[in-house]
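Q: Chains as they are written, first to last, in my numbering: chain E, 4 to 492; chain H, 4 to 492.
Bear in mind the hints are in silico, worked out from the structure with no lab data behind them. Every value quoted in this text rests on a predicted model; they were computed, and no experiment measured them. Using N, Cα and C, we set each Cβ at its ideal position, and we do this for glycine too. Be aware that a few hints might be false.
Heads up, incomplete: computed chain H residues facing chain E, CB under 8 Å, no partners named [as the list claims (entries may be wrong)]:
1. K47
2. Y83
3. L94
4. N115
5. T170
6. R241
7. G244
Simulated pairs of lysine to aspartate or glutamate, EDC-like, Cα-Cα distance not exceeding 16 Å [unchecked claim]:
8. E/K47 - E/E88
9. E/K243 - H/D86
10. H/K243 - E/D118
11. H/K243 - E/D86
There are 2 protein chains.
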Amino acid sequence: MAALETLDLSELSWTMMESQERPLHVATLLIYSLPDDAGPEFLKQLVADLRDSTEFVEPFNKRFVRPSVMRPYPVWERDYDLDMEYHVRHLALPHPGGERELGVLIARLHSNRLDFNRPLWEYHVIEGLENNRFAVYFKMHHSLVDGIAGVRMMQRSMSTDPEAVNTPALWSAPVPEELLESNKGISRLRRGLTGMQKSIRSARQVSRQVMEAIRAGGDDRDPFVMPFQAPKTILNGRIKGQRRFATQQYAFSRIRRLSKAAGCTVNDVVLAISSGALRKFLREQNALPGQPLTAGIPVSLRAKDDQGAGSAVSFIMANLATNVADPHRRLETIKASTARAKLMMNGLSRDEIENFTALFMAPSSVQTALNLEGRTSPIFNVTISNVPGPTETLYFRRARLEAMYPVSAVIHGQALNITCYSYAGSLTFGFSGCRDSVPSLQRIAVYAGEALEELERTFLQAEGAEGEEFEAAKTARAGKTRTSKAANE
Amino acid sequence: MAALETLDLSELSWTMMESQERPLHVATLLIYSLPDDAGPEFLKQLVADLRDSTEFVEPFNKRFVRPSVMRPYPVWERDYDLDMEYHVRHLALPHPGGERELGVLIARLHSNRLDFNRPLWEYHVIEGLENNRFAVYFKMHHSLVDGIAGVRMMQRSMSTDPEAVNTPALWSAPVPEELLESNKGISRLRRGLTGMQKSIRSARQVSRQVMEAIRAGGDDRDPFVMPFQAPKTILNGRIKGQRRFATQQYAFSRIRRLSKAAGCTVNDVVLAISSGALRKFLREQNALPGQPLTAGIPVSLRAKDDQGAGSAVSFIMANLATNVADPHRRLETIKASTARAKLMMNGLSRDEIENFTALFMAPSSVQTALNLEGRTSPIFNVTISNVPGPTETLYFRRARLEAMYPVSAVIHGQALNITCYSYAGSLTFGFSGCRDSVPSLQRIAVYAGEALEELERTFLQAEGAEGEEFEAAKTARAGKTRTSKAANE
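Full structure from sequences and hints, please.
A: Structure follows, in C-alpha cells:
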C-alpha cells in the first residue's frame, strides 16, 4: 500500500453524506452495437479480458478508509489488488430485451450502493439488448468523478477506429496531459472548498459578499433568479433509497436548428425542453406551483479578472417559467433569465465565482455549516446539466457506441436530476429520480419528447422560411427519438 | 393503515442489527422446469400475473417503522398498497445460463439489502437458465421468517397437482391451521426472549443455571461441546457486506443408506459431510486449527417435563472433529457428540431448554446484553441447519419444482452458514458466506461432494454386504450431484 491521502472537503462531503437513502454515485449508460462477426461468446470473452486488465489509473485504485480511533478522519488508500469479479460484472436482460427492460435494470442497479470496502466503482456488461446490441453501465462514486470528468474517462477508453482491438479498459487508460489541464477548474473548486474548511467563519463572510454582489445588480423586474426563490414542489422533499430512470434521445441538428430559430443557446433549448416536460408532468399530478420552478445549471464561465486560458466550472440559476402556458413566452423567459445570470457571473472576480460555486455546488453539509439549510424554500427545484461529449463516433474493441446516457445522483431536497450528453450528432437526456418521490418518472421523458415538438411548432413554423426545415426535423425525429419505459417499474 | 404492532425482542434484534456490512435477510432459491408448452412470453406473463396478486397474508404486509422523536421504539405497520413492480422482479442470466451464472447472480442479489421503507421481501423470477428451466429467488428479512417457516411458506403456495393453474402467489396463500399450530415452538422462543427483555438480570441468572446444569453432567472425556470451546478460524472474524453462494445436491437415498450403515442420524451425516468439506478447505488455506471446529445446530427436542404434543425448536452444539483425518473416526466422534448433546438437552425442563435456546439462537445483541460477547473464543464456529422440506414433488402453475436451496444470512463471528433442505428425494446444501472472509467458497461445495463419497467408501465398502448398495449409490450420484460454480466470482 502506498501513502495515505487525506480527503479534501468536497470528497469528504460526498463520502460522509452517503447513506442508504442517499447513495451518492453517478453512472453512465452506454449502448453498443455488437461487431457483425460477434459470436455467442463475444461478451463472455470481453468480460474475461476486462477482468484481466489489472493496471489502474487514478482514481480507480483509491479505496476509502473510514475514520478510526487511531485516525479520526477518513483517508484514501491505494489498492492494487482489486477483486475484479466484483468490479466487472456480466448481466443480462429478460426477453424481449427492449428499452423498457433495460430501464428497469438500470433503475435497480442505480439503487444499489457501492461497497465502501473497495475502490468505489463498478462496470456492468449487459447482454440481451434487442437489435444485436449490448449495454455497459459504469458507476462511480461522486466523490471521485463529476459529469465532465466521467465523459472524458469514457472517451479516453474508446477509439475512433472501428477496427481497433486493443482499446484499453476504462480503468487502465492513460490520462492525456490536456485532460489533466482541463480539470483545473475542478481542482480550483476543491481548493476553494478546502479553504472553507479552514474557516467556516470566513466562508460565511464570503457567501454574504457574494450574495450582496449579486443582489446589487438587480431590481424587481430583473429576470435574475436568487437562491431560495424556488417554490416547494413534490420534487423537493426528503428522498428514499430506490431510484427510477428514463431516457430521451434527439438528433442534435433539431436542437441546433431550434436554437438558431429562437435566437438562444443550446442550453436554453435544453432548459425549455425540461420546463415543458416538468410543466405537463406536474399539472397532471395536480402539483404545479403558481410560481415558476427554478433550475441549478453547471456552466463554464470566464471571470472578468481572468488573464489565463482556462474557464471556470461554475453554476447559475435559471427561471424555468413552468407557470407560463405559451411555449414562445416560456422560452423567451428562460433565455432572459440565463443571459442575465451569465452577465452577472461574468461581472464577478474569479475568487467570487469560485466561492459562489463552492457554496451552491457543494453537497448540503457545507450549506448546513453555513446556516443555509432549513430555510422554508429550496435553493432551486431541479439540477439540469448539459455535458458536452465526443463529437465523433467511438468504438470499444470493434463495438460501435450508439448512445451514451447519464444516470445521476439525487439528494434530499432534489428528488429529480436531468442531465444530458451530446455525442456524435445526438443529444441524450437521462432523467434520474427517487422512486417514491417521483411517481411515473417515465412520463417526464415522454413529455420531453413532446416538448421539443411543441417548441418546433412554435419557432420553426412561425418563420415561414423554416417550414421546410421543420418537415426535415420531423423526418429526422421519426427515426431518432427513442424513449425508455424505465420509470413505470 | 391498521393498528401498529410493537416488535418483540427477537424481531427487534434482527431489525436493529441490520447494517450495510451485515444484511439480515434469508432467502430460498427455487429451480423450476418450464411447462412443455411454455412460449417465450410465459415468464413475462407469470410476472405480470404475480404483480396482480395484491392480497397479502402475514407477514408480507408488515412494514418496519423506525423510531422517531414522537415514538422512540420501532413498530410494524400494515401496508396494503405495495409497489408490486418493486417487490416482484423479472431478471435474466447471461449466456450460457448455467449453474455458474446462476450462483454469481444469487450471490450478488443476496449482497443487496432490502428496502426498510417497504415490507421486507422481494420475489425475483430469473429466466435464461439452461435446459428449459427458470429460477425464483425469494428473499425476506430474518425478523419475519426462519428456515422452517420459510419452507412452509413455499410449500403452501405450491401444489402436488402438475396441472393446477390457480396456485396462489406466495404472499396471497392462506395459512392452514396446522401450520399455525406448528409455529408454536417459535412463538414460545419469542416469549422467552420477551421475558429476557423484561429483566436482563434474571436472564443472567437463568443462563448461569443452564450452563451449570449442562456442566454438571460432564467430565473431561465427555464429548459434550461447551459454548466458547471453539477455536478461532478465518470463519470467525468480522464480516463485510458482499456475499458468496454455492450449492450441492445429493439423492436423499444416499444419505439414508449411509446413516443406516454408520448407525447414525441423517443429521450426523450432514455434519460429517460439512466436516469433511471444511477440513479439506481449511487445510488448503493453511488455516485448519489443531482443535476441532464446533457447529451450532438447530434441532427439535421434547423436554423431560413436556406432557403436550409439540416439540420445541432448540439448539445443540456438536464437535465436528475436523482435526481427525480418518473419516470413520470423524463420523464416530460427531455421532457421540450429538448423542451426548441431545441426552443433555432432554434432561432439561422446557423452561431451561427455552432459555438455553433463547440465549444461543438470538443474535449477538442479546449475548452482548448478557456479557457473553468479547470472549476470546467464538461460541461455535459455524451454523449447520437441516430443514425438512416437502417429500412430494411440487408444482407452481404447471412449472415443476426441481430443487430448492437455502440462502442464509451470516453475522459477525460466523462468516459461513451451511443449511440444507430435503425435498422430494433429494437433499440440497446452500453454502452462504462473506465474500471477503471466505475466499473460494465454491470449493467447500465441491469438497462436500467428495466428503460424501469418502464416507460411502468408508462405511459402505467396509461392510461386505453393502458393496452392491455402494455401486447403486455411485450410479445414482452420477446423475444427481450438481455443484454450482458460484463462489469463484
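Q: Hint by hint, note whether the structure agrees.
A: Each hint, compared with the structure:
1. K47: For H/K47, the interface hint holds, since the closest Cβ of chain E sits about 7 Å away, which is under 8 Å.
2. Y83: violated (17 Å)
3. L94: Where the cut-off is 8 Å and the nearest Cβ of chain E is about 6 Å from H/L94, the hint holds.
4. N115: holds (5 Å)
5. T170: H/T170 check fails; min Cβ-Cβ to chain E is 22 Å, beyond 8 Å.
6. R241: violated (11 Å)
7. G244: holds (6 Å)
8. E/K47 - E/E88: With Cα atoms ~13 Å apart, E/K47 and E/E88 stay inside 16 Å; holds.
9. E/K243 - H/D86: holds (14 Å)
10. H/K243 - E/D118: With Cα atoms ~9 Å apart, H/K243 and E/D118 stay inside 16 Å; holds.
11. H/K243 - E/D86: Holds, at about 14 Å.
When the structure is compared with the earlier hints, violations turn up for hints 2, 5, 6 and for no others.
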